[in-house]
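Protein chains: 2
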Amino acid sequence: MNEFELIQHFFTRSACAQGGENISLGIGDDCALLQIPAGQSCAVSTDTLVCGIHFPDNSPAFLLGQRALAVAVSDLAAMGATPIGFTLALTLPQIDAVWLQGFSEGLSAMAQRCAIALVGGDTTRGPLAMTMTVMGAVPKQQALLRSGAQDGDLLCVSGPLGAGAAAVPVVLGEVDPQTIDADTLQSLLAAYWSPQPQLQLGQYLRSKAHAALDISDGLLADCEHIAKASNVCLQIQQAHVPVAAAARQVLGDAAALECALSGGDDYQLAFTIAAGELGQLQQQFPAVRVIGQVCAGVGVELLDDLGQPITQQYSGYQHFN
Amino acid sequence: MNEFELIQHFFTRSACAQGGENISLGIGDDCALLQIPAGQSCAVSTDTLVCGIHFPDNSPAFLLGQRALAVAVSDLAAMGATPIGFTLALTLPQIDAVWLQGFSEGLSAMAQRCAIALVGGDTTRGPLAMTMTVMGAVPKQQALLRSGAQDGDLLCVSGPLGAGAAAVPVVLGEVDPQTIDADTLQSLLAAYWSPQPQLQLGQYLRSKAHAALDISDGLLADCEHIAKASNVCLQIQQAHVPVAAAARQVLGDAAALECALSGGDDYQLAFTIAAGELGQLQQQFPAVRVIGQVCAGVGVELLDDLGQPITQQYSGYQHFN
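Residue numbers (our numbering), protein chains in the order written: chain A, 1401 to 1721; chain B, 1401 to 1721.
Hints were generated in silico from the structure; no laboratory data involved. Fair warning: this is a prediction, and the values are worked out from it, not measured in the lab. Glycine included, every Cβ here is placed at the ideal spot set by N, Cα and C. Among the clues, some could well be false.
Unchecked claim - With a cut-off of at most 20 Å between alpha-carbon atoms, the simulated EDC-like pairs for lysine to aspartate or glutamate come out as follows:
| hint | chain 1 | residue 1 | chain 2 | residue 2 |
| --- | --- | --- | --- | --- |
| 1 | A | Lys1608 | A | Asp1551 |
| 2 | B | Lys1608 | B | Glu1677 |
| 3 | B | Lys1628 | B | Asp1551 |
| 4 | B | Lys1540 | A | Glu1421 |
| 5 | A | Lys1540 | B | Glu1421 |
| 6 | A | Lys1628 | A | Asp1551 |
As the list claims (entries may be wrong) - Quick look at which bits of chain B chain A covers, simulated, 3 or more residues with Cβ under 8 Å:
| hint | stretch |
| --- | --- |
| 7 | 1428 to 1441 |
| 8 | 1465 to 1478 |
| 9 | 1487 to 1499 |
| 10 | 1516 to 1529 |
Chain A on its own, in the form it takes in the complex (with noise of 0.2 Å):
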C-alpha cells in the first residue's frame, strides 16, 4: 500500500473526514476551504505530541486517536471558539493497518464529540509523532484572552484538576491496574484518554470572562501566564482548589493535590470572572469553583487557610529543562 492509498484508505474514509458545517472542501486538494461566519474570526491552534514524550511508546491507538485531538481542542474551547476543522500531520514509524485502523476510529469519536472534521494532513515516515492544527470561529472582539484579567476578578477553574497527572503512572505501567479499584481506575484513564475540552463553557464564557486559558502546563504554571499577560497577581487559596476524587483516591491527599496544582493533563479550563456573573454561571455550569482571587501586582501567590502565601515551589510541565 503506498502513501496515497494510505492516507485514502484510512482517513479520507474515515468518519471525522466527511465534512461539516462551514467545511466547503474537505480533504483531496491542495487546501481544503473552510468558511468562517460573517462578524467571526478564525481561531487557530497547533500541538505535537511525540511518543516517548508525550505518550508512551506502548499506547493503544484508538486512545491516542481521542487524546491527540482533544488536547488540542481545548485550545479552542480556552478561546470560546465553536471547531469547525482540523489537519493531522502524521509521522509513522511504519504502516500498520490495526494500529491505523484504531487510531482513526478514536479520532472519528473525539471529532464527533466535538463536532470537528479532519480537513487535510500529511503523512510522513518517521519516529511516531503527531501535529494537530485545529480551527475554530469566535465573533470579533469576544475570543477569550489570557490578557484581560482585572482586579477585583473571581479566579475559577471549570471542574477537578489533578486526575489527568495522577494517571501517568498507570498509563505508563508503573503502577499495577489491579491495586486500583475499578471506578478510580476508570476515571484517571479517563481524564488521561479521554479529556473533554470545555467547548460549551468556553462559549458561554464569551461575553462574561476577562481572561480564560486551558490548563495543559499545571495550575500554577498557567495561572502564571494569566497574570503575566494580564500584568495583574492571581491569589489562589489552596484549600478551594478542587482536586479531582480519584487523584486522591490513588495517591492520598498530599500528592493528589500536587497533581491538581501543578501537574497539568487536566484541560479544564481557568478563568477570571466579575463576582455578579457568578449565580448564574454556576446554575449552568455547576463543576464550576472559584479558586481566588485578581489583585493588583504580578504573579501567582498560593495562599494558605489564613490567607499566607505558601512557599513551596510547584513548577509546571516543561520539555526543555
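Using the hints provided, position chain B relative to the given structure of chain A.
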C-alpha cells in the same frame, strides 16, 4: 533556557512573528485569531518535513527555514489563495541557539517574500522535524481545485522543471560542487532551498484556470491527480515540457528530462485553461508553457513528437513504497 523562553526568544521576537494584515492576534495565547475578508474562504494546508527523509541532517538552518515555509505556502499558491498566517510545530533533538537563530531568520526571509506571518506553534523535544500549517484567503467559488479540468483545455506549467530534483545529489553531498560551474550551482541550490511559491500566478488564475495544483511529487504524478479528480485524460507532449537549464547542464538532457517529469520538488504550478486565455496569460507570465491538452479519457499520456504514447515508466516520489 526553558521551553517558554526558547519560544519567546527565537520565534515570538522573530521578524516573521510581528503580525500582519488580517491577523488580529498572533503568538502567545491559546489560539491566534485571523480575519478572513468578507466573501472569502479560509484555505488551509499542512506539510511535514522530517530530517533524513525530506532534508539531509546537515542542512543549513537558514536554508531549511526558507524551504520548509516555501513548500507549505506553495499549496496556497496552488489554490489561488492570498497568504495570511502559519503555525510551526518544531521538534528538536536539543536546544541549539545558533541553529534556532539561523532557522528563524530563514523562516522570516521566506515569510517576508510571501507576506505571511507566524501566528503560533509548538516546540517539542524529539528527532528533528517540522510541520507547517499555512492559512490564507480566497474568494468564494474562485479557489483553484484539481477537479475542474475540461475536455479541450490547454495543460500548462508555470516555468521550467527539474532543477529541484537535479539539486538533490549536490544537497546530499554526493556530487562535488566544485565540478559544477558557479551559475549552474547557484540555480540548482536556489531551486532546492528557496523555491518561490507561485502566488501571483495562482491569484491571477483564480477566475481563469479550470484546474490547478503545485508540482511537488513530480509532473506526471501530480497530473495524475488532476486527471483523476477531473475525470479526464491529460496528454503531455514530452518535447514541450520545459526542462530547467541548470538540470540539463549538470545531468545531461535525458536525466534532466526525467527530473522534470518525475523528480518532484519543483513547486511550479500545473493548470488547465481555455485556449482563449493563453495570450493574456503569457503576456503577464512569460515563463508559462503549454505542455499538452485535456481530452476525454483517464490518466496521463506522455506523447512523443509524432503524438505516439511513450510507455517508459516514471513515478513520482512516495514515502511508503
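Subject >> Hint check, failures only >> reply: Violated hints: none at all, because every hint is consistent with the structure.
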